[in-house]
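Peer 1: The residues making up each chain are set out below.
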Amino acid sequence: MNLTLDLTFLKEISDGDQDFINDVLHTFLDEMPKDMAQMNQAIMDKDIVMIGRMAHKTKSTLQTLGLFELKELALKIEQLAKQTPSDTNIIPLSQKFMGHIDRVYPNVKESLK
Amino acid sequence: MKLPTDGIRIFIVEDDLLFAKTIRYILTLNPDHEVRVFKTGKECLSNLHLNPHIVSLDYSLPDMTGDEVLKRIKAHNPDIGVIILSGQQDVATAVELLQKGADDYLTKDEANKERLFNIVEKLKKSIFLQKEVETLKEELTEKYQFSESMKGNSPAMQKVFKLLEKAAKSNITVSVTGETGTGKELVAKSIHYNSSRKKGNFVAINVSAIPKDLLESELFGHEKGAFTGAATRKQGKFELANHGTLFLDEIGEMELHLQAKLLRALQEREITRIGGNETVKFDARIIVATHRNLSELVSKGAFREDLYYRLLGLPIHLPPLRQRGNDVLILAKHFLNMTAKENKLGPMKLGQTAKDKLLSYNFPGNIRELKAIIELGAIMCAGKTIQREDLQFNSPKKATNFFLEEMTLREYNIKIVRHYLEKHDNHIPIVAKILGIGKTTIYRMLKEDEEYPQKET
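In order, the protein sequence lines correspond to chains P and Y. Taking our numbering, I'd label the letters of the first sequence as residues 1 to 113. Taking our numbering, I'd label the letters of the second sequence as residues 1001 to 1457.
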């Protein structure tokens, strides 16, 4: 799993405006832990619908930061949750997803200038 | 396209704050955009009083479905442009929302600067062009209020006003007759803009002004390749007037073979484009007008009897201006005010001598001629009050209507003399010989005529 940020999109739209990019990265560091906490709670509750919802919510963030493989994983969790809401296989997949997210934080901090 | 002076208000409804910030950054690159972000559907709905022009809506929100939010935005104001943002795999849902009233959609994967700007610009154009069209239509409706567009207190016109109100309240075909220049098209427009069809188009076609070979295509449209030069499909006037009014002016000039096609269209309420097989339904009120006597044309075999009865509907006859008494002065005052305003001449009025002159004239060109006379008079007038000598009657029908203009014998005499002088290059001896009067009589009459207006004023 490639967990390296690809900030091409953000650089393109902002003409390399580092203040804007930093603001986006800070938002990731502020918001993603909250989402992951919700996902964790949903895993504990075995609330598949909520797991799917949280996976859905993270997709656009991951896409924006160029974390494409992680986004595909989020999509897979979302789709599984929709297709088979009782599938408990989603839980280990979601835990794996959360583990990857944990490993993204240092990369994000590194990208802050 | 006129944009509002206080900017374009855009709402972003998105629970992913990072993505919302990115979209906001892109949209605020245009300084005219005032962008607000809302994380939930409820937050967005409770801020609709801020009158956004455009809402970018994530179809999947934590508290409400995109469907629900869209419905409530459109119920609040159907003019708000709504863009649905969805994931690539949710395009089917986004398309479904398009069918439910969303204006466009964009997948989040494609939400780059260019795509987002294009979509917003496209929406701005359609929203504000639509607004402009509506404003113009409102202005037209105001302009064509019966009290604004049609002036006159004469009994003949009071009768017309009553018929106009009946016509406007119904959907009946109306046939307007009257001499040239009596305002037949104005009547048709006034009926349209006072009727329930006013939001539809008013489409006018002058049958006598369109070359015979083109009239059929103008009315019914044509398919691509229907004839040489038909490079694209073209809608005809019937289609363009759908849900509105079709005004067929000078209907008496229509050729018989086309009358048959028109009759069929009116009976079936559908047309077939030239070169096509598909029938197209239309829903338009028909108003026809002519300066000719249609029943006479029917008896001569120049107009189909069945079409005549189908078109007769509610007949409205517009009296010629010469039969409208003091309406001449009411209209003259109206035209004078209009001309003074348009030309920034300040307030102007009609002097008594001008009023007398207008009331004594026959107006063969009716209201159109009166308008031209007043416009010229206002421009020629040296002061603020139009006098007799400022008004020039130049109707080409003047010579044939010589006796219809009320004048004194002296005025008739001078008119005859001037007519012959003009005809013979001001050669007084020749004119004297033709009229059997002395040259000195002519000189005296001309001198008196030059002094006459000054004496009068």
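In short, the hints are calculated from the structure, not lab data. Among the hints, a few may not be true.
[To be verified] One side only, chain P facing chain Y, incomplete, derived with CB under 8 angstroms:
(1) K11
(2) D19
(3) N22
(4) T27
(5) F28
(6) L29
(7) K59
(8) S60
(9) T88
(10) Y105
[Stated by the list, open to error] Computed footprint of chain P on chain Y, listed as stretches where at least three residues anywhere in the stretch have a Cβ under 8 angstroms from a Cβ of chain P:
(11) 1209 to 1220
(12) 1238 to 1250
Just so you know, even glycine gets a beta-carbon here, dropped at the ideal spot from N, CA and C.
Peer 1: Now tell me if each hint is right for this structure.
Peer 2: The hints, checked one at a time:
Among the interface hints, the one on K11 of chain P is violated; its C-beta lies about 12 angstroms from the nearest C-beta in chain Y, farther than the 8 angstroms criterion. Hint status for D19 of chain P relative to chain Y: violated, with the closest Cβ pair at about 10 angstroms, above 8 angstroms. Evaluation of the N22 of chain P hint against chain Y yields a violated restraint, the C-beta minimum of about 12 angstroms exceeding 8 angstroms. Annotation: T27 of chain P was flagged as interfacial toward chain Y, and the flag holds, the nearest CB pair being 5 angstroms apart, inside 8 angstroms.
At a threshold of 8 angstroms, the smallest CB-CB gap from F28 of chain P to chain Y is about 6 angstroms, leaving the interface hint in force. The interface hint given for L29 of chain P is broken, as the beta carbon of that residue sits about 10 angstroms from the closest beta carbon of chain Y, more than 8 angstroms. Interface restraint check for K59 of chain P: the shortest CB-CB distance to chain Y comes to about 6 angstroms, inside 8 angstroms, so the restraint holds. Residue-level restraint check for S60 of chain P holds (minimum Cβ-Cβ distance to chain Y is 4 angstroms; threshold 8 angstroms).
Residue-level restraint check for T88 of chain P is violated (minimum Cβ-Cβ distance to chain Y is 23 angstroms; threshold 8 angstroms). With 8 angstroms as the threshold, the beta carbon of Y105 of chain P stays out of range of chain Y, its nearest partner Cβ sitting at about 14 angstroms, so the hint is violated. Figure legend: the region 1209 to 1220 of chain Y, annotated as covered by chain P; annotation inconsistent (0 residues with Cβ-Cβ distances under 8 angstroms, at least 3 required). Counting residues of the region 1238 to 1250 of chain Y whose CB falls under 8 angstroms from any CB of chain P gives 0; the rule of at least 3 is not met.
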